[in-house]
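Student: One-letter residues, chain by chain:
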Amino acid sequence: MMAQALRTPAVQAPVAAGARRRHFTPARIGIYVFLLGAALFFLLPLYVMIVTSLKGMDEIRAGAILALPVDWTLEPWRQAWSTVCTGASCEGIRGGFWNSVKITLPSTILPILIGAINGYALSFWRPRGANLLFGVLLAGAFIPVQVMIYPLVRLLAGAGIFGSLPAIVLVHLVFGMPVMTLLFRNYYASLPQELFHAARIDGGGFWRIFLHVVLPLSTPIVIVAAIMQVTGVWNDYILGLVFAGRDNLPMTVQLNNVINTTTGTRLYNVNMAATILTALVPLALYFFSGRWFVRGIAAGAVKG
Amino acid sequence: MANVHLRKLSITLGGKPIIRELDLQVEPGEFLVLLGPSGCGKSTLLHSIAGLIDATAGSIEIGGQDMTLADPSERGIGMVFQSYALYPTMTVKDNMSFGLKMAGTPKAEIARRVGRAAEMLQLDALLSRKPAQLSGGQRQRVAIGRALVREAGVFLFDEPLSNLDAKLRAELRRELKLLHARLGSTMIYVTHDQVEAMTLASRIVVMQGGEVQQIGTPAEVYERPANRFVAGFLGAPAMNFIDGEVDLHNRFGAGSLALALQEAMPTGAATLGVRPEHVHIDAHGPLHGSVTLVEPMGNHQVLWLDCGGHLLSAIVHGPAQYRAGQALRFGIDAARVSLFDPVGGGRL
Numbered sequence: 001m002m003a004q005a006l007r008t009p010a011v012q013a014p015v016a017a018g019a020r021r022r023h024f025t026p027a028r029i030g031i032y033v034f035l036l037g038a039a040l041f042f043l044l045p046l047y048v049m050i051v052t053s054l055k056g057m058d059e060i061r062a063g064a065i066l067a068l069p070v071d072w073t074l075e076p077w078r079q080a081w082s083t084v085c086t087g088a089s090c091e092g093i094r095g096g097f098w099n100s101v102k103i104t105l106p107s108t109i110l111p112i113l114i115g116a117i118n119g120y121a122l123s124f125w126r127p128r129g130a131n132l133l134f135g136v137l138l139a140g141a142f143i144p145v146q147v148m149i150y151p152l153v154r155l156l157a158g159a160g161i162f163g164s165l166p167a168i169v170l171v172h173l174v175f176g177m178p179v180m181t182l183l184f185r186n187y188y189a190s191l192p193q194e195l196f197h198a199a200r201i202d203g204g205g206f207w208r209i210f211l212h213v214v215l216p217l218s219t220p221i222v223i224v225a226a227i228m229q230v231t232g233v234w235n236d237y238i239l240g241l242v243f244a245g246r247d248n249l250p251m252t253v254q255l256n257n258v259i260n261t262t263t264g265t266r267l268y269n270v271n272m273a274a275t276i277l278t279a280l281v282p283l284a285l286y287f288f289s290g291r292w293f294v295r296g297i298a299a300g301a302v303k304g
Numbered sequence: 001m002a003n004v005h006l007r008k009l010s011i012t013l014g015g016k017p018i019i020r021e022l023d024l025q026v027e028p029g030e031f032l033v034l035l036g037p038s039g040c041g042k043s044t045l046l047h048s049i050a051g052l053i054d055a056t057a058g059s060i061e062i063g064g065q066d067m068t069l070a071d072p073s074e075r076g077i078g079m080v081f082q083s084y085a086l087y088p089t090m091t092v093k094d095n096m097s098f099g100l101k102m103a104g105t106p107k108a109e110i111a112r113r114v115g116r117a118a119e120m121l122q123l124d125a126l127l128s129r130k131p132a133q134l135s136g137g138q139r140q141r142v143a144i145g146r147a148l149v150r151e152a153g154v155f156l157f158d159e160p161l162s163n164l165d166a167k168l169r170a171e172l173r174r175e176l177k178l179l180h181a182r183l184g185s186t187m188i189y190v191t192h193d194q195v196e197a198m199t200l201a202s203r204i205v206v207m208q209g210g211e212v213q214q215i216g217t218p219a220e221v222y223e224r225p226a227n228r229f230v231a232g233f234l235g236a237p238a239m240n241f242i243d244g245e246v247d248l249h250n251r252f253g254a255g256s257l258a259l260a261l262q263e264a265m266p267t268g269a270a271t272l273g274v275r276p277e278h279v280h281i282d283a284h285g286p287l288h289g290s291v292t293l294v295e296p297m298g299n300h301q302v303l304w305l306d307c308g309g310h311l312l313s314a315i316v317h318g319p320a321q322y323r324a325g326q327a328l329r330f331g332i333d334a335a336r337v338s339l340f341d342p343v344g345g346g347r348l
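Chains as they are written, first to last, in our numbering: chain A, 1 to 304; chain B, 1 to 348.
Heads up, some of the hints might be wrong.
[To be verified] Residues of chain B clear of chain A, computed beta-carbon distances all greater than 12 Å:
1. ASP71
2. GLY78
3. LEU86
4. ASP94
5. GLU277
6. GLY298
[Claimed, not checked] Cut-off 20 Å, straight-line C-alpha distance, at most; resulting in silico cross-link-like pairs (SDA-like, lysine to any residue):
7. LYS16(B) <-> HIS47(B)
8. LYS93(B) <-> PRO127(A)
9. LYS130(B) <-> GLU194(A)
10. LYS130(B) <-> LEU215(A)
11. LYS101(B) <-> LEU215(A)
12. LYS16(B) <-> PHE196(A)
13. LYS101(B) <-> GLY205(A)
14. LYS101(B) <-> PRO216(A)
15. LYS101(B) <-> GLY203(A)
16. LYS107(B) <-> GLY203(A)
17. LYS130(B) <-> THR25(A)
Just so you know, the hints here were simulated from the structure itself, not pulled from any lab data. The model shown is predicted, which means the values in this text are computed figures rather than measured ones. The C-beta atom is built at its ideal place from N, Cα and C for all residues, glycine as well.
If we strip away everything but chain A, and leave its shape as in the complex, we get (with noise of 0.2 Å):
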């Protein structure tokens, strides 16, 4: 279905305009000679690292870095996935895969609910006072996260639960909070107050409406906060090797032990394999919500 709908407006497009700019015009050459370049240019580290994942150790000693195997080989990806050493212990990279998931979902739903809330507040129910708190939360998002590592850490020890996975939410959850008070309170200010004031001759208190009202108009939104939650949290390194604990670690951390291994040979190919594996989560999803993506961002900016 997501395939069809991305195709539609590539076929109506030609229909429309084909009929009269049929013609290369030296123009149209030159934009596609550029075009073609930058996507060579950001597809030319994939390949190699797809086709080196590929090889066996020997043919990447010979130096070909651009040659498709001689020899087809899954075994860097087995390694990388379950053998590979990531510090003490060598079982491979999916144990961080299945943190990363851990750590990820909540760090996702949760930041989404409350943002979704906060925005709806804010924009809605306008509070007293509710400029100056958006304020003071945007202020946060301009804070260097370096600054506030420490006093977290102090703060997260004081309360116990330093080094675990409710510690890493919790630290997602407030480094989230900034970008998803502000996303949803934009994307809420776009649909009419009117909207708001029927539901409140409805007789919807604040959890109905938001429920019934609000919550079912945001699924754009909802989509385009997720993508940009889960990216972020699964691309972090810094906040899962502070926060996390010893046995939380994340993909991303995992992945930094099994290439920076300083005994023994370089296993290029594992590490390919390895670091293919843990770009595939985000990588996935932009292929797949692209389009969701592009129109939420669209509508914040236009409206925001």
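Assemble the complex: chain A is given as a structure, and chain B must be docked to it using the hints.
Tutor: Quick look at chain B alone, frame taken from chain A:
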């Protein structure tokens, strides 16, 4: 059917006083229209009656009960908005029953009320559609239906027809009038459209700058405007205003334009207000002028006359042909003119 009584109502928004100590009594079953230019505070007033904007001072009584601090849903009102404000994710039926569900109304009762409203507004065939699948007129009908099912004592309308095209507007206007006759509910209707105000209202409240300028039946407001603002706001083309003086013989004079007044007026400076339909082209008329512009309107023509430097519009019925530059004689119906204080603008 319920009354609405506002006492010394003041509303301040963001530090700006919008409404100051306004008193208004709306009788049960009345169709009251709040009329004024945009920014006159009429919508703010309606929203405060609905409870969507808090009153800064004063009180609001609906159906004999003090509702100044009550929640919008507890005030016994139904409201229709300019932008329809239908819930986009719900069907027509769900839109209409949402409020009743929130109030915990039994299912059979919801079905009865929705059925009745749908029948009244010819929405039966549309009940399972989403708002996006409806035309503008249908959407506004659904919004009216959503207000109707509340079976409220007072219905509030906030420029409900402004988003519709001219033909639909006239059609829905007629339907609203019939609906009022059928239900007999109290209705308060905000508009800046004088045609809607004149056709629908049992009484019109003309507002400007947060203050009531005049309250009266459409005929009263049109025939005997309380001040120059009301006189100029109602009527198209607008009333002609001529600055001059009333002399000792109760005659109004301004240059070559003179008119014997029928009501006794104080002598001194005054502004004469004449509606275009009270300027009669008459070969034996006492005044003379020349035509500067002719605007054909189909069933009538608007002539713009230059009378000794004063520009006057006149409405002419009938097939007579006029052209720019033509000299002619005319008269003014002295019984229908208004005189205003040139300083304060009040009616003399």
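Student: Take the hints in turn and mark each one as holding or not.
Tutor: How the hints compare with the structure:
1. At the 12 Å boundary, the C-beta of ASP71(B) falls inside the reach of chain A, the nearest C-beta of that chain being 8 Å off.
2. The claim that GLY78(B) lies off the interface is violated: its Cβ sits roughly 7 Å from the closest Cβ of chain A, which falls inside the 12 Å cut-off.
3. Some Cβ of chain A comes within 12 Å of the Cβ of LEU86(B); the nearest lies about 8 Å off, and the non-interface call is violated.
4. A beta-carbon of chain A is positioned within 12 Å of the beta-carbon of ASP94(B); the least distance is around 10 Å.
5. The Cβ of GLU277(B) sits about 38 Å from the closest Cβ of chain A, beyond the 12 Å cut-off, so the non-interface label holds.
6. At roughly 36 Å from the closest C-beta of chain A, the C-beta of GLY298(B) stays outside 12 Å, upholding its exclusion from the interface.
7. For the hint pairing LYS16(B) with HIS47(B), the CA-to-CA distance comes to about 16 Å; that is within 20 Å, so the pair holds.
8. Of the pairs offered as hints, the one joining LYS93(B) and PRO127(A) is violated, with about 33 Å between alpha carbons and a cut-off of 20 Å exceeded.
9. For the given pair, LYS130(B) sits about 18 Å from GLU194(A) by alpha-carbon distance, which is consistent with the 20 Å threshold.
10. The hinted pair formed by LYS130(B) and LEU215(A) meets the criterion: a straight-line CA distance of about 17 Å does not exceed 20 Å.
11. Restraint check for LYS101(B) and LEU215(A): the C-alpha separation of about 18 Å stays at or below 20 Å, so the hint holds.
12. Distance hint between LYS16(B) and PHE196(A) is unfulfilled; the C-alpha atoms sit about 24 Å from each other, more than 20 Å.
13. For the suggested pair LYS101(B) and GLY205(A), the alpha carbons sit about 13 Å apart, so the restraint of at most 20 Å is met.
14. For the suggested pair LYS101(B) and PRO216(A), the alpha carbons sit about 17 Å apart, so the restraint of at most 20 Å is met.
15. For a cut-off of 20 Å, the pair hint linking LYS101(B) to GLY203(A) stands: about 9 Å separates their Cα positions.
16. Our distance criterion of 20 Å between C-alpha atoms is met by LYS107(B) and GLY203(A), whose separation comes to about 17 Å.
17. For the proposed pair LYS130(B) and THR25(A), the alpha carbon gap of about 47 Å is over 20 Å, so the pair is violated.
Taken one by one, the earlier hints fail for this structure at numbers 1, 2, 3, 4, 8, 12 and 17, listed in ascending order.
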